[in-house]
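Starting from the known structure of chain A, arrange chain B on it as the hints suggest.
There are 2 protein chains.
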Amino acid sequence: MMLDDRNTWTYAQPPMTAAAVLSIGTELTRGELANANARWLGERLVELGLDVVEHVAVADDAERIRGTLLRLAAEVKVIVCTGGLGPTSDDLTTAVVADALGVALQRDADTLAKLEARFRSLRQREMPANNAKQADFPKGARILANGVGSAPGFSVEIKTEKNTARAYFMPGVPREMENIFDLQIAPELAKQVQASTYQVHIRTFGLFESLVAERLSDLDVGGAQHDPQVTIGYRVTFPEVEVKVLAQARDLAAARALAEKVAVQVRERLGSAAYGGKGESYVQYVAGLLRAARLKVAVAESCTGGLLGKLLTDPPGSSQYMLGGVISYSNSAKIRLLGVNEQLLQTHGAVSEEVARAMAEGALRSTEADAAIGVTGIAGPDGGTEQKPVGTICFGLARRNEPTLTFTERFPGSREFVRTYTAYHALRLFANAAKEVLDARM
Amino acid sequence: MMLDDRNTWTYAQPPMTAAAVLSIGTELTRGELANANARWLGERLVELGLDVVEHVAVADDAERIRGTLLRLAAEVKVIVCTGGLGPTSDDLTTAVVADALGVALQRDADTLAKLEARFRSLRQREMPANNAKQADFPKGARILANGVGSAPGFSVEIKTEKNTARAYFMPGVPREMENIFDLQIAPELAKQVQASTYQVHIRTFGLFESLVAERLSDLDVGGAQHDPQVTIGYRVTFPEVEVKVLAQARDLAAARALAEKVAVQVRERLGSAAYGGKGESYVQYVAGLLRAARLKVAVAESCTGGLLGKLLTDPPGSSQYMLGGVISYSNSAKIRLLGVNEQLLQTHGAVSEEVARAMAEGALRSTEADAAIGVTGIAGPDGGTEQKPVGTICFGLARRNEPTLTFTERFPGSREFVRTYTAYHALRLFANAAKEVLDARM
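Protein chains in written order, with our numbering: chain A, 1 to 442; chain B, 1 to 442.
Calculated from the structure, these hints are not laboratory results.
Every value quoted in this text rests on a predicted model; they were computed, and no experiment measured them.
Keep in mind that the hints are not guaranteed to be accurate.
It does not matter which identical chain is meant; a pair holds if it fits inside one copy or across any two.
[Stated by the list, open to error] Derived SDA-like pairs (lysine to any residue); straight-line CA-CA distance at most 20 Å: (1) LYS133 / LEU216; (2) LYS139 / ARG441; (3) LYS191 / VAL262; (4) LYS77 / ALA59; (5) LYS261 / ASP136; (6) LYS244 / GLU260; (7) LYS388 / SER319; (8) LYS244 / GLY86; (9) LYS159 / GLY86; (10) LYS244 / GLY147; (11) LYS388 / SER121; (12) LYS139 / PRO187; (13) LYS114 / ARG410; (14) LYS244 / SER210; (15) LYS159 / GLN265; (16) LYS296 / HIS348; (17) LYS244 / ASP90; (18) LYS244 / GLY276; (19) LYS388 / LEU345; (20) LYS114 / GLU209.
Bound-form chain A, shown alone (with noise of 0.2 Å):
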């Protein structure tokens, strides 16, 4: 019994402190602000092993704020909130903090005098009466040094029938609220937390999100719980998905070790689709591919009209692969910049494979690349047939001293789904291409 307490109390999951972030201010609900605050908060409490349960953003409304507060601090243990300790009249937080704990307020001698130092050093005159505010804090409350600004945040405790909340007031000037919580306050949640979290993130191009879900099935992706520490999720970022794999274990190692080994996994089960980590986008893993292999590469570009140029040379430096192409979205721009023949786009019609091999093969002949594609399809939303509809593409990879390949595909969607779709598939072949290469040369 004694050992299997020990080996219950070691791998089970360690009991997660919720916290929730509430942001104070009528431009955030009126949407004149984006709420990068909260996100930012988000993301820190995640990362220190915390539960973040719930975000709000309430306008300033004296009655809504203490209201929120009070329903927050029975519900979970850390509330961490920004906004409304400013100078005007709209900035409530104190007052509603001290209300709400029914205590005073009280003025801290140290930061006025701060405050009034800044004020004349910047605007060289006194400091308005009305200022004083925000060297008001409620009595009993902990003052919380704020590195880069004159006004502190501060921390209470609100104390409710069920729970106890720990409750951190900063600006919302987001580099003062990062300033404060870095130094102030994720030191003390850190000791405060028991577990630690570690997240692998994979990047995938080239299956649909259900697909992705059917993969990753029997490892329950979609946030249930895998194992009791561990969390698979994944989310589109058109055209990629982006999975992630979140564990979670007493300490950092235990959490890595897990994550990592569920990761493995989870590449394995999306194959060649499973292309990097956190922060590389396919782009710039196919323009290093294309460096790695020292392939020049053209286009010869259709329905895309210059979207698969233009992602080839976002990343700085393209020039090192990316010679050029041409964007013949019309007959006679085939025909005049690609030599492509007059007879086979009257034969095949434009959207055809043996159109894709002309317009490829064309681009190789017209530059010094190793390998060029072509591509002609139809975006949409007209110009589909029964035969060919909106989403038909055909594609045709051209090489050096290699038979051209050529196929069809189709991706029915908005035209912007189409080209998007098209231009990322093509930039596919060429991480195919590349790979070949890299594999002949070991």
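Only chain B this time, still in chain A's reference frame:
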């Protein structure tokens, strides 16, 4: 007294309808994704004349979703909710709403058929059984058609002891959410709201934000009150700047007259930079001019790498004016595909007005276009020199039977900024060419 009372009544701010925005998804509370939907909805609700008192984002947790929904239903008249309508196991919204209302889920045959058809056309096979949950709705719910995706939203009335709220549920995918809100929800809310607001949107391209601010400064731009009933605001939607005139009055006709009066002044100050109204992008505006002028165009792109062609072919039906062109990212492509003289490149460098001219004339020569633009420049982050720093861009505009224009601009900023601004500047050149044709015809 009677008169005073009546005057007060006439000009009183109409009673506002309280609204809340509810966002569902652990990716939001964890700060993995910025809550752009909440901001967008907050702004739209305010425009419609509602009083947005709170935004809440909650994790994918049935109890918390349920509790939040019932709490808001007791507090506000309108709840607008996004997220949690997908096919996976952590998409809980629909089931939670049914549970909160105490009704069963009902499968909608029409929605199911559409989901299955879309799945088959995308994936060429039958839809898995679990995807069918997107066709389930709480019994009695009103289905809200999704114009750009397969999963619709829905609307229900939630009765609590003190209050009855109308709640709307939409997918979290922004373009689907925006489509459903604008077409299905906004018209209904507009009818319900007492206050009349009228907005005029003025889209601009060609003036930086600070210059827009300056031009409008004595119209009290920047959200301050110009008049008790008019607010002027602006925001950057790179590379455009959008200006908004929002008027409030006791009825729609009065609000509209007021907004339009101020909008005339705003347009005068902004001159030719003010090109259009809400919902028309600069690309669509330029496409319309090219179509009207029956001008066929071609491009020769170096630093933009295809972006100009991509923008020109974004609108459906762009083959009416866009013939194609060349992506001459390398010197060899400039020489081989555009016939730029090698000596010219050596003497003046690839980034020069001489080369921009040769590129534009090359594109005109090798297509049947009426006008062609050549752009060559240094997008950065590397490659700048003292004489030609990063952001230096040379333009050439070649037309049939007219002398070629060339000039140089500098757009300092990131690689993405420089490339995007360059492509839009080229669009403006095409717009001006089209205007000249139209003027000559009059």
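When the hints from earlier in the document are held up against this structure, which numbers fail?
-> 2, 3, 5, 9, 10, 12, 15, 16
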